[in-house]
Amino acid sequence: MALPDADGSTDQAEVIGYDPMRSLAVHLVRPKMSIWARLANIWRYRDLLRGLVAKEIRVKYKDSALGFIWSLLNPAMFILIYYIVFQKVLGNGIPLFAIFLATGLLCWNLFQSGVLGATGSVVGNAALVKKVAFPREILALASVGSAFIFFLFQAVVLAIFLLVFGVTPDLSYVWLTPIALLALLVVASGLAVLLSAINVYMRDMQHLMEILLQAWFWATPVVYPFMLIAAKTSKLHLTWLYLVNPVTPVVLTFQRAFYAKTDPVGVGGVVVHILPHYSPMWYLGILGILIAAGVALVLVALSVFGRLEGNFAEEL
Amino acid sequence: MASSVEVRGVSKQFRLFQEKYTSLKEKAIHFGKIPFEVFPALSDISFEVEQGTTLGLLGHNGSGKSTLLKCIAGILTPTSGEILVRGRVAAMLELGAGFHPDLSGRDNIYLNASLLGLSRREVDRCFDDIVDFSELGPFIENQVKFYSSGMYARLGFAVAVNMDPDVLLVDEVLAVGDANFQLKCINKIKSFQKEGRTIVFVSHSPELVRGICDTAFVLDHGRLVGGGPTPEAITVLQQFQLAGSSLLFDPAREQERAIPAAGGEVQLSRLEVNGVVVDQRAVAVDPGSQAEMAIEVESPPAQAIFAHFELVIINSENIPVFAFNTRDMGVDAFLLRGTTELSARFDSFVVGPGAYSARVSLYSEQSGMLIEVRQWDNALVVGGSRRGVSGVVAMDVSIFAEELSNRRL
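In order, the protein sequence lines correspond to chains E and B.
Under this note's numbering, think of the first position of the first sequence as 3, with each following residue one higher.
Under this note's numbering, think of the first position of the second sequence as 0, with each following residue one higher.
Heads up, a few of these hints could be off.
To be verified - Straight-line C-alpha distance at most 30 Å; calculated DSSO-like pairs for lysine-lysine:
{"id": "1", "chain 1": "E", "residue 1": "90", "chain 2": "E", "residue 2": "263"}
{"id": "2", "chain 1": "B", "residue 1": "187", "chain 2": "E", "residue 2": "132"}
{"id": "3", "chain 1": "B", "residue 1": "187", "chain 2": "E", "residue 2": "64"}
{"id": "4", "chain 1": "E", "residue 1": "90", "chain 2": "E", "residue 2": "234"}
{"id": "5", "chain 1": "E", "residue 1": "132", "chain 2": "E", "residue 2": "64"}
{"id": "6", "chain 1": "E", "residue 1": "132", "chain 2": "B", "residue 2": "144"}
None of these hints come from the bench; they were simulated from the model.
Based on the provided sequences and hints, a complete structural model is requested.
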């Protein structure tokens, strides 16, 4: 190939605004990076996280006539079906069952779509991982991020539901919901990062998670009330075991704040026990424990991710 | 000046699995005993790149040059050793990696730039420059999936070079696009050089490296085998490249390779120069005279092998002074069956005085693989030509003077 000379005809190569002596950040590529260096790197790429979330949302419903409304129709349909089956066919007697369902589902959807999306995120972006250097954890976090955006859409719908049905949230619990949301995001992020790395080496993880999350869904009081299980476990002093499921305290907080009924009079005229009589402080306590455990999970996940990441580009 | 990139004792090993077990069931069955071979892609590489210089990494396919570039870029993590890079790195391994087809050019600029580590505000600042450089104009609002491959590459390059990198890593991406775009890319790289940015350029094209790089290193089988000012490095590359696929000439390895490629024993049994068999003693050739080199090839009589023929004549300083390869010349492959004689006739053997070695290689037409290679050291000696004439080539020369004007003072 013949080489043209830049210096010749046109003077395109004018020197503009580059100072070779400017202070430069030193970047070290080595087999192992500390967790703190990883966290700092993720923070440096926060605009990428934002960009990827925006991309995922735009691309998901691109060229579909209804666009993001689909993200609302999906849970709406789910609520309708479960309402018919559980309320009309099985007669569970929970008053305002649609609100009860919508509140729990709001949290569950964030968790499930974030974790499931993240599991396949590194494998799905193989082309990128092989060609561009960036903190790969961002891919998993972007899944949680876009799940969070859809959570916000659905929260708006829940708010409309509450208005239409004239339900007043319990203000002494509402302030806990941002904390519960934070706890959920931290736990979901930890799992997301962990599973996305494992999935590179064990592609079954994706399918396994689809099944596991179904079981997990039924282990969480979304469709049925917490007290239904707690009534049985409390006799055996095993309620704590039920609360080990990290999504349960979050769902409970949301239900307590927005559904706001502990023992309402049911459809058949009898009192139904739905939510426990715990005080706001109890909720604060358990959410605090959850956040602490979530942070620990994130650190473990980052260290596992760092260990596995070195060979990503070759495994994919 | 300070070094911009420091590569310290970097090794990278790939694990080659006979079969890849990635599902849980397979992992369970083969738990802990998945057969694999360790393939050293890079072995103990150390060098520094001075700030503001342009380094070329040369090597044939599979020499590890791209792996090394990926390590510097941080895409691959070295198995051992470390790499220190000062400043922002822009790696151009593939133009437009990470573009999403459904997003517009504008959105992709933001996404791609953030992948390279730019903040939104920084992209805002250089957005217009990117669009200008890409020459996309109004198409910037169109979805990238409607772009031609040239437009795609232009946009990718525009993003990478406009992100104000301190270290630019380029991997033979300039091969895309039309001549105008290539010119533009090279001009941009040259302006980067003037500005004092550091560039690491990977290529197997010596011409491109010669035109761009100050210094170059040559890689072979994951080892750094030579380097220095670009012309020297290119000589190192060419010296061995002509001999076949390996820079480090290792007869044992070549032999190993030869057997499966040919499916039988193929031997370069004899070399004759002007009808004289070369064994212990060199054959004398007069400079500028006619010369004929004939190679006898023994191959299995029951098997027809189609092969290409390469001859390299190497001087005492190990520099190839002449070479040809029939595959590259576009000549039909030769049929080898039983004993075959391949001949090359030179009408005028114009190499300068000295001792020369001859290296003959045979390549399979089908696979392109090396079948057999043999070197006859000091096979021929070219005698002194006219007195007072020296050099690598023996050209016929006449010397005369002519009076152009006759001006008296």
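Taking the hints in turn, this is what the structure says about them:
1. E:90 to E:263: holds (21 Å)
2. B:187 to E:132: holds (26 Å)
3. B:187 to E:64: violated (36 Å)
4. E:90 to E:234: holds (25 Å)
5. E:132 to E:64: holds (26 Å)
6. E:132 to B:144: holds (21 Å)
In this structure, the one hint that does not hold is number 3.
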